Every structure is written in C-alpha cells, then in structure tokens.
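**Student:** Each chain, letter by letter, is given below.
Protein chains: 2
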Amino acid sequence: MTRPLALGIDIGGTNTKYGIVNRRGEIVTKGSMPTTGHATAHEYVNALRDQLQPLIDEAGHGNITGVGIGAPNGNFFTGEIAFAPNLPWRGVIPLAKMLNEALHLPCTLTNDANAATIGEMMYGAAKGMNDFVLVTLGTGLGSGFVANGKLIYGHDGFAGELGHLIAVRDGRMCGCGRRGCLETYCSATGIVLTAKEWLAQRNDATVLREHAGHLTSHMIHEAAEQGDAFALELFEFTGKILGQTLADVMVITSPEAFIFFGGLARAGELLLAPTRRHMENNMLNVFKNKVAFILSALPDADAAILGASALVW
Amino acid sequence: MTRPLALGIDIGGTNTKYGIVNRRGEIVTKGSMPTTGHATAHEYVNALRDQLQPLIDEAGHGNITGVGIGAPNGNFFTGEIAFAPNLPWRGVIPLAKMLNEALHLPCTLTNDANAATIGEMMYGAAKGMNDFVLVTLGTGLGSGFVANGKLIYGHDGFAGELGHLIAVRDGRMCGCGRRGCLETYCSATGIVLTAKEWLAQRNDATVLREHAGHLTSHMIHEAAEQGDAFALELFEFTGKILGQTLADVMVITSPEAFIFFGGLARAGELLLAPTRRHMENNMLNVFKNKVAFILSALPDADAAILGASALVW
Numbered sequence: 001m002t003r004p005l006a007l008g009i010d011i012g013g014t015n016t017k018y019g020i021v022n023r024r025g026e027i028v029t030k031g032s033m034p035t036t037g038h039a040t041a042h043e044y045v046n047a048l049r050d051q052l053q054p055l056i057d058e059a060g061h062g063n064i065t066g067v068g069i070g071a072p073n074g075n076f077f078t079g080e081i082a083f084a085p086n087l088p089w090r091g092v093i094p095l096a097k098m099l100n101e102a103l104h105l106p107c108t109l110t111n112d113a114n115a116a117t118i119g120e121m122m123y124g125a126a127k128g129m130n131d132f133v134l135v136t137l138g139t140g141l142g143s144g145f146v147a148n149g150k151l152i153y154g155h156d157g158f159a160g161e162l163g164h165l166i167a168v169r170d171g172r173m174c175g176c177g178r179r180g181c182l183e184t185y186c187s188a189t190g191i192v193l194t195a196k197e198w199l200a201q202r203n204d205a206t207v208l209r210e211h212a213g214h215l216t217s218h219m220i221h222e223a224a225e226q227g228d229a230f231a232l233e234l235f236e237f238t239g240k241i242l243g244q245t246l247a248d249v250m251v252i253t254s255p256e257a258f259i260f261f262g263g264l265a266r267a268g269e270l271l272l273a274p275t276r277r278h279m280e281n282n283m284l285n286v287f288k289n290k291v292a293f294i295l296s297a298l299p300d301a302d303a304a305i306l307g308a309s310a311l312v313w
Numbered sequence: 001m002t003r004p005l006a007l008g009i010d011i012g013g014t015n016t017k018y019g020i021v022n023r024r025g026e027i028v029t030k031g032s033m034p035t036t037g038h039a040t041a042h043e044y045v046n047a048l049r050d051q052l053q054p055l056i057d058e059a060g061h062g063n064i065t066g067v068g069i070g071a072p073n074g075n076f077f078t079g080e081i082a083f084a085p086n087l088p089w090r091g092v093i094p095l096a097k098m099l100n101e102a103l104h105l106p107c108t109l110t111n112d113a114n115a116a117t118i119g120e121m122m123y124g125a126a127k128g129m130n131d132f133v134l135v136t137l138g139t140g141l142g143s144g145f146v147a148n149g150k151l152i153y154g155h156d157g158f159a160g161e162l163g164h165l166i167a168v169r170d171g172r173m174c175g176c177g178r179r180g181c182l183e184t185y186c187s188a189t190g191i192v193l194t195a196k197e198w199l200a201q202r203n204d205a206t207v208l209r210e211h212a213g214h215l216t217s218h219m220i221h222e223a224a225e226q227g228d229a230f231a232l233e234l235f236e237f238t239g240k241i242l243g244q245t246l247a248d249v250m251v252i253t254s255p256e257a258f259i260f261f262g263g264l265a266r267a268g269e270l271l272l273a274p275t276r277r278h279m280e281n282n283m284l285n286v287f288k289n290k291v292a293f294i295l296s297a298l299p300d301a302d303a304a305i306l307g308a309s310a311l312v313w
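Heads up: the protein sequence lines correspond to chains A and B, in order.
Residues in the first sequence are numbered consecutively from 1, following this note's numbering.
Residues in the second sequence are numbered consecutively from 1, following this note's numbering.
Keep in mind that a hint or two might mislead.
[To be verified] Under the rule of at most 35 Å between Cα atoms (straight-line distance), these lysine-lysine pairs were calculated in the DSBU-like manner:
{"id": "1", "chain 1": "A", "residue 1": "240", "chain 2": "B", "residue 2": "150"}
{"id": "2", "chain 1": "B", "residue 1": "150", "chain 2": "A", "residue 2": "97"}
{"id": "3", "chain 1": "A", "residue 1": "30", "chain 2": "A", "residue 2": "97"}
{"id": "4", "chain 1": "A", "residue 1": "196", "chain 2": "B", "residue 2": "288"}
{"id": "5", "chain 1": "B", "residue 1": "17", "chain 2": "A", "residue 2": "97"}
{"id": "6", "chain 1": "A", "residue 1": "240", "chain 2": "B", "residue 2": "288"}
{"id": "7", "chain 1": "B", "residue 1": "290", "chain 2": "A", "residue 2": "150"}
{"id": "8", "chain 1": "A", "residue 1": "127", "chain 2": "A", "residue 2": "97"}
{"id": "9", "chain 1": "A", "residue 1": "288", "chain 2": "B", "residue 2": "196"}
{"id": "10", "chain 1": "A", "residue 1": "290", "chain 2": "B", "residue 2": "240"}
{"id": "11", "chain 1": "A", "residue 1": "30", "chain 2": "A", "residue 2": "127"}
{"id": "12", "chain 1": "B", "residue 1": "288", "chain 2": "B", "residue 2": "240"}
{"id": "13", "chain 1": "B", "residue 1": "196", "chain 2": "A", "residue 2": "240"}
{"id": "14", "chain 1": "A", "residue 1": "196", "chain 2": "B", "residue 2": "240"}
{"id": "15", "chain 1": "A", "residue 1": "150", "chain 2": "B", "residue 2": "97"}
{"id": "16", "chain 1": "B", "residue 1": "240", "chain 2": "A", "residue 2": "288"}
{"id": "17", "chain 1": "B", "residue 1": "127", "chain 2": "B", "residue 2": "196"}
{"id": "18", "chain 1": "B", "residue 1": "150", "chain 2": "A", "residue 2": "127"}
{"id": "19", "chain 1": "A", "residue 1": "127", "chain 2": "B", "residue 2": "97"}
{"id": "20", "chain 1": "A", "residue 1": "290", "chain 2": "B", "residue 2": "97"}
{"id": "21", "chain 1": "A", "residue 1": "127", "chain 2": "B", "residue 2": "290"}
{"id": "22", "chain 1": "B", "residue 1": "150", "chain 2": "B", "residue 2": "127"}
{"id": "23", "chain 1": "A", "residue 1": "240", "chain 2": "B", "residue 2": "127"}
{"id": "24", "chain 1": "A", "residue 1": "127", "chain 2": "B", "residue 2": "127"}
{"id": "25", "chain 1": "A", "residue 1": "288", "chain 2": "A", "residue 2": "150"}
{"id": "26", "chain 1": "A", "residue 1": "288", "chain 2": "B", "residue 2": "97"}
{"id": "27", "chain 1": "B", "residue 1": "288", "chain 2": "A", "residue 2": "17"}
{"id": "28", "chain 1": "A", "residue 1": "150", "chain 2": "A", "residue 2": "97"}
{"id": "29", "chain 1": "B", "residue 1": "17", "chain 2": "B", "residue 2": "150"}
{"id": "30", "chain 1": "A", "residue 1": "288", "chain 2": "B", "residue 2": "17"}
{"id": "31", "chain 1": "A", "residue 1": "290", "chain 2": "B", "residue 2": "150"}
{"id": "32", "chain 1": "A", "residue 1": "150", "chain 2": "B", "residue 2": "240"}
{"id": "33", "chain 1": "A", "residue 1": "288", "chain 2": "B", "residue 2": "30"}
{"id": "34", "chain 1": "B", "residue 1": "290", "chain 2": "A", "residue 2": "97"}
{"id": "35", "chain 1": "A", "residue 1": "150", "chain 2": "B", "residue 2": "196"}
{"id": "36", "chain 1": "A", "residue 1": "240", "chain 2": "B", "residue 2": "240"}
[Claimed, not checked] Which stretches of chain B does chain A cover? Using the computed rule of at least three CB atoms under 8 Å from a CB of chain A, they are:
{"id": "37", "segment": "11–20"}
{"id": "38", "segment": "171–178"}
{"id": "39", "segment": "208–219"}
{"id": "40", "segment": "232–240"}
Hints were generated in silico from the structure; no laboratory data involved.
From a predicted model like this one, the values you see are computed outputs, not experimental measurements.
Beta carbons: idealized from backbone N, C-alpha and C, even for Gly.
Input sequences plus hints: build the corresponding full structure.
**Tutor:** Below, the structure is given as structure tokens:
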C-alpha cells in the first residue's frame, strides 16, 4: 500500500460511498452505506464511524493524512452542510467537525460538484488545465469553476452554482423558489419534465408516450439513439438552453474546456452536438471555436470518492 | 521621489494618458497626448516615446521597474491589441513589444477594464478583497473578475467580458454582431439608446424631449435628479437589466462586492438602488443580502494610469 493515504467520502441523497485512496488516485478499499434511515445526523455520523473505523485501523491511523467529504450544499469554508434539500437532515449540520470528533482525523468538506471538479483536475480529463468548468448533469445541474488553477469558492464558499443561473426569464419553477433556473431544463430531471410537458401538449407519435408515467432520461436517451424524432427534439431543446448559457459563461471565465459528468452526460453527442452548435451560434467572436467539450474520464462510481479524497492533498 | 517607480499608460479612443507612479500609488508626474492623428501604430508609438523619454530620463531609467499599459481589447498573454473597434488601428497590434523596443523597458499590457480592476485592488475600494467584480459603466460596459485574489484572465486572456453576456435574448443589436448584450442596455450609450427609443414611441412629458437630438447619459442623470419621471424610469429599466444579470454573476463567482466605475456610475443611487433591488429579487437564497455595492474610490482621471502602472508590480 502506497502511503500517504486519504479517506474520501461522497454523501449522496440515497447512499454514502467511501474509499481509501493513495496519492496516485488509486482506490485501495471502498464501501458504502445508506444515507437515509438514521434518526439524526448524529446517529448517521456514528453509523459512518462504525463502518470507517475498521478500514482506518487496517490502513493504520497514522498513514491517513485526512478525510475529504463531498456533500450536496457542503461549504468548504465552514465545513457545514446547509439546508440540503436532498439530504434527510434539516438546517445546518457541522459535518466536518462532527466527523473530526468521531474519527480523530482532519476533515475537509465541500459540495459534491466541487469535489468532482477537484477529482477531475487531479486524476481526470482536466489534469494540467488551469481554466476549465465541470458541469454535472444529474438529478440537478452542478458545477465547479477553476480559474488560474484554483477552484473558485467565492467569498462565502458558495460559488459555482451554474444550475441556478436564470437561463429562461420567467421560465419553469425551480426548487429554489425562483423561475427559469438552468437545472430545471438541463438535467436528467429537466429533460424528463420537458418531455412530459410536450407529451401533454402535443400529439407526436413517439415510443416515449407509453412510458409517460414513469419516464427517465435514460429512456429518452435510448429512444433518441433509435432515431425517435420526439426524443431527438428533446435533446435539441435541452442543448439549446445549455449552449446559450455556456456562451454566457465563456465571457466571464473563458475556460479552455467544459467537462461533462453525470447521468445525462452519458447521452454524449446526442446532447453535446446541439449544445455545441447553439453555444457557437451565440458566441462572442473572440471565443468562437476555441473551447473543448470533454466527457469526464473518471468512472462514475469512483469519481465522487476520488474527488472527495483529493480535498485532502 | 520614492523608488522603485512604474510607468502607467492608459490608451483611450481619444487620448492617451500616462504617469510615473510609485509603489504607494502616488502619481509623481503625468501627461497626455492624442491617440488619434497618427498615420500608423508605428508613428503613434514614436510620438508616445518622444513624450515619455524626458519623463523617464528625469526619473532615471534605472529607477523604473517597468511599463504597464491598459488598452481596449488588450490581451495580457500576447501583449497585443486585437481588433479594437474604438482605436484608430485595424487588425492586431503588438503594442507591448513595440513599446518595449522604443523604451528599452519591460512592457505589460492588458485590457482597460482589467487594468482598472488591478488598480482598484491595489489602491482603491477593493484593497484586501480576494473575490470581487469591477464593472465599468462608460461608452460600453467593461469588467474585471477577481477570484482567490487573482484576476481571471481565462485560458486565452479574454475573460471578463461581462458587457457581452446576452442579457436580453433576441434583444438590441450590439456592435459585436450579436443581439441583447448587456452593454447595449447598461452603459452610457445604452441608457441614451433606451431614452431615444422611448421618446420615439411614447408621449411622456419630459425635459429630455427637447434634447432628443443630442442626448447624453449626463442629461438623463440631471433630469432624474430633478425628479423627471421619464428619466427615473430609464434608470429603473437599466437597473432591472443590470440587476438581473448581476444575480446570475453571483451564482458563478460569488464576489463579496461589485465595484462600479465610469461615467454612468456617477449617477450613484439613481442607478444602484434599482439595480440592487432587481438583483436581490432575482437572487438565489444563499446569496441574498450579502454582496456590497461600492463606488470606485479612485479619481476617474487617475484610475486608469494607476491601474496600468499596477501591472508592473
């Protein structure tokens, strides 16, 4: 086992995944447990400690430099999870502090998209890049912005919430209470919502109609691959809103690449081709045909653990 | 004279201003010459050298650490001015290199808004801030983004073009060839354009009607100060578009302050009050009531020279 080691923890809405990772980004042990089913955050931390302690003992407590945690609504500056709509606990949870007390190891926390961004920069497609943007297209749309080789946390630790840029003025209602946020259109949830709206309003013949009650973005992806015109139009529409927004992002940080990650990104060119076309059509001249579109090079299952562990270094 | 010294040069569409500045940000000598009236960029550089050489000789060539230049469309990475619509020269001008050969001093160039941002960070309202955005509201809208204490140049040196974020989809025609760019609405030129459009379409009684042929943003400012309802509505409308856009900027870099600079910013609360109100109305919860609005603390006449000189340190 190459030392030193880091412990990476990815807290998702359903499961918590963890792994012990070496400096080269190799996961030497890993495991998972449910995030839900614990009465309080305190009981969750106790259960997590019971899972982690044997791994730490096996690796040798002294060999582990620290613990990195990625969590929705995690704040790097405070180590707290604040008002996470997809986690079972309400209010502000000082998770880094609680886990530090449980494990007697230094704990660093950030939001899940930022953790993935750091993972991508250290071990993935962004290795060696000083200016890039990671876009995670999952249930929501997360992002991490890197400029001058450093993640942009902003003055309060909450920067990089591209999913809540208002892409459509007076548009679709968002869970955040405002209208038209990018993630209400451009995410696995968003494309399914568009499909349901269109199915209710239009009469297209599409294989998706029979699945209307239990539609997933994966079904839309499969239908589009089979040439279903309705599904292809859904990707065109989603790519238009994403592309227009990325053209606006360019004028702010001018990244050399957008790196795409998450469930909806698996649709690949079905989504990226219209996104690129609409981005270039809306691009300020000086940025035209410059920025690369790259799919994440990290395996989905490991990226979050790797990213979280990379916080330690 | 406190040594070391830097030479700051601000190249504007009409005039070129320059000054010798010490490390404390005190301008010890300054002057200016017309930017226009030179047949070629080469002749302009020769004329500029003839103006600067006596100042350099007086200060002592060895006391001058370097030359910083702010220019529209200036690129920090290449030292070139590329396709500047407001300067007399076409194409790409390698100005840093030309001036280096003329003066035998190291020359660094960046765009004018970036130079102002660095000046503000070293000597102005942003002293000690690691995350802020400068917004210059002049003929156009320029910007400089600072994150983690460093100016964001982007991978190509062209980051920070907030004036060309598309604020109104399919909106007003912009000089860049696209539609709806922020600067077509939120700049001295933009507010005058809005006024002219409204005067042509509506019948409001306003003191501005008699000046319709030669309207300036300063006249709108004065009319609003006197309570002219039409002029106040112009600031409300301009502030709405600016405020909505700044709410979107927040989710990307989460600055602690927006610092406003330039002719239209002199309208102060007439513009900033509606801008702040519309920004907060469109703000993601986690950013509400956090970001400061600050007017530049640097005297307009000197800010550009100070900013340019600060490139040297």
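**Student:** Next, verify each hint and record whether it holds.
**Tutor:** Structure-based check of each hint:
no., hint, result
1, A:240 to B:150, "holds (32 Å)"
2, B:150 to A:97, "holds (30 Å)"
3, A:30 to A:97, "holds (23 Å)"
4, A:196 to B:288, "holds (33 Å)"
5, B:17 to A:97, "violated (54 Å)"
6, A:240 to B:288, "holds (29 Å)"
7, B:290 to A:150, "holds (23 Å)"
8, A:127 to A:97, "holds (31 Å)"
9, A:288 to B:196, "holds (33 Å)"
10, A:290 to B:240, "holds (32 Å)"
11, A:30 to A:127, "holds (24 Å)"
12, B:288 to B:240, "holds (16 Å)"
13, B:196 to A:240, "holds (33 Å)"
14, A:196 to B:240, "holds (33 Å)"
15, A:150 to B:97, "holds (30 Å)"
16, B:240 to A:288, "holds (29 Å)"
17, B:127 to B:196, "violated (39 Å)"
18, B:150 to A:127, "holds (21 Å)"
19, A:127 to B:97, "holds (32 Å)"
20, A:290 to B:97, "holds (25 Å)"
21, A:127 to B:290, "holds (34 Å)"
22, B:150 to B:127, "holds (12 Å)"
23, A:240 to B:127, "violated (40 Å)"
24, A:127 to B:127, "holds (33 Å)"
25, A:288 to A:150, "holds (25 Å)"
26, A:288 to B:97, "holds (26 Å)"
27, B:288 to A:17, "holds (33 Å)"
28, A:150 to A:97, "holds (24 Å)"
29, B:17 to B:150, "holds (26 Å)"
30, A:288 to B:17, "holds (33 Å)"
31, A:290 to B:150, "holds (23 Å)"
32, A:150 to B:240, "holds (32 Å)"
33, A:288 to B:30, "violated (39 Å)"
34, B:290 to A:97, "holds (25 Å)"
35, A:150 to B:196, "violated (45 Å)"
36, A:240 to B:240, "holds (25 Å)"
37, 11–20, "violated (count 0)"
38, 171–178, "holds (count 3)"
39, 208–219, "violated (count 0)"
40, 232–240, "violated (count 0)"
Against the hints set out earlier in the document, violations occur for numbers 5, 17, 23, 33, 35, 37, 39, 40.
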